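S.K.: Protein chains in written order, with numbering that gives the first Met the number 0: chain A, 0 to 146; chain B, 0 to 146; chain C, 0 to 80; chain D, 0 to 80.
Calculated directly from the structure, the hints in this document are not laboratory data.
Listed next, the in silico DSS-like pairs over lysine-lysine satisfying Cα-Cα at most 27 Å (straight line):
1. Lys61/A with Lys136/A
2. Lys61/B with Lys136/B
3. Lys66/C with Lys57/A
4. Lys57/A with Lys16/C
5. Lys123/A with Lys136/A
6. Lys136/B with Lys64/B
7. Lys123/B with Lys16/D
8. Lys16/C with Lys61/A
9. Lys136/B with Lys123/B
10. Lys66/D with Lys57/B
11. Lys61/B with Lys66/D
12. Lys61/A with Lys66/C
13. Lys123/A with Lys16/C
14. Lys57/A with Lys123/A
15. Lys16/D with Lys66/D
16. Lys57/B with Lys136/B
17. Lys16/D with Lys57/B
18. Lys61/B with Lys16/D
Computed from a predicted structure; not experimentally measured.
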Amino acid sequence: MDIRVQEAAFDFGSEANAFASRQAGMGAVVTFTGIVRDLGTASLSAMEIEHYPGMTEKALEKIAKDASSRWNLGDILIIHRYGRLHPQEMIMMVATASRHRADAFQAAEFLMDFLKSRAPFWKKELTRDGADWVEAKDEDEAALTRW
Amino acid sequence: MDIRVQEAAFDFGSEANAFASRQAGMGAVVTFTGIVRDLGTASLSAMEIEHYPGMTEKALEKIAKDASSRWNLGDILIIHRYGRLHPQEMIMMVATASRHRADAFQAAEFLMDFLKSRAPFWKKELTRDGADWVEAKDEDEAALTRW
Amino acid sequence: MDVLYFAWVRERVGRAKDRVDTNPATVMDLIEDLRAREPRYQAAFADLSALRVAVDQELADFNASLKTAREVAFFPPMTGG
Amino acid sequence: MDVLYFAWVRERVGRAKDRVDTNPATVMDLIEDLRAREPRYQAAFADLSALRVAVDQELADFNASLKTAREVAFFPPMTGG
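Given the sequences, and given the hints that come with them, work out the whole structure.
M.R.: Printed below as a string of structure tokens:
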């Protein structure tokens with residue numbers, strides 16, 4: 000289990016390769032990457048991500064442990080950035096490995112669902128019109144009920 | 000849509016990075032990678048993958064088009080190797096991009112389910128005990144019914 | 000006891016952290032104490048349905064006991080990922 | 000019409016490709032023609048439930064028409080991914 004909360008950028012491809020290459024006996028690797036996307040009409044200049052140092056790491060560890068106990072996994076990687084990010088930058092990634100593909104897929108979706116609404120991160124969008132905190136979506140809360 | 004059927008190895012990390020970086024406006028990228036895994040008791044020396052040139056490309060394109068019409072996707076990448084592979088080598092990868100994570104996840108699972116049982120690839124495992132064609136699993140056929 | 004604020008709760012309160020020397024029994028009691036301080040706390044705690052709370056870095060309810068708590072944090076619903 | 004074989008079907012038939020000059024009406028008729036050839040075809044086509052067929056590179060049924068077919072392929076269930 001490798002969990003990192005950091006301000007610095009990370010290299011998605013290198014992390015994905017390193018993760019996949021240390022999975023002896025695992026036949027399936029799934030990754031998810033979240034990217035800062037532009038907003039169309041109100042052009043996004045930056046996204047600021049705030050987090051709760053201390054609780055963030057604990058929350059991510061708990062989510063990863065829950066996933067490990069529910070599915071037959073080789074390993075889990077979570078990297079989540081905070082601070083100021085710009086469009087096209089990668090916010091975070093998760094990677095899961097398993098013998099068969101269903102476990103890796105399910106675990107990655109589970110990690111993302113909980114990371115989205117149960118890990119203490121908050122996003123603020125800075126556009127030319129000002130700054131707005133991103134509001135949590137009902138559908139993200141609803142996504143938790145499927146697990 | 001980028002679909003490649005090739006004998007040569009590919010670099011998962013570089014492909015994943017290149018795919019992610021050309022997704023303007025997409026907030027989510029999901030990748031799946033299939034890796035040749037060792038078999039435990041009967042040590043696997045190699046895996047041979049046979050395919051049906053011509054039909055393979057058509058089948059993969061159809062599966063990718065079906066995914067594009069069902070989900071709101073930015074792009075799809077499929078790379079699948081054939082020929083002789085060794086344990087730890089990567090057999091194939093898919094990548095999907097979408098604005099929101101649910102589409103990329105669902106599309107990647109759909110691609111894998113159909114690629115598994117509807118694209119003309121056949122795997123043969125070479126162990127110290129001999130060579131065996133991998134048998135299709137009932138659960139892989141059953142997985143198609145969820146779509 | 001340390002009381003932390005994040006995101007727009009922090010912005011409305013105007014600071015990231017308070018030190019509270021009273022001994023409120025529950026989160027709700029703590030909120031009442033804070034609301035009694037200044038209008039900006041009233042603004043921050045106006046709509047509790049828009050707030051989440053963590054006690055000693057674990058998500059909790061508003062009626063959670065603060066008996067052994069060393070750190071309470073208030074923030075809006077999380078938006079990670 | 001070209002008839003292609005893959006995986007263990009190819010191994011049992013002992014070749015990857017046959018050229019068939021008769022005009023079978025359906026896939027099933029073609030299979031009967033092939034079975035009549037040699038025992039190794041009988042072995043390859045012994046259990047049709049273990050076989051899949053593609054007509055002109057599209058998956059098809061055993062009762063599919065071969066009227067306009069240029070290429071038929073037989074193989075076991077696929078195991079990609």
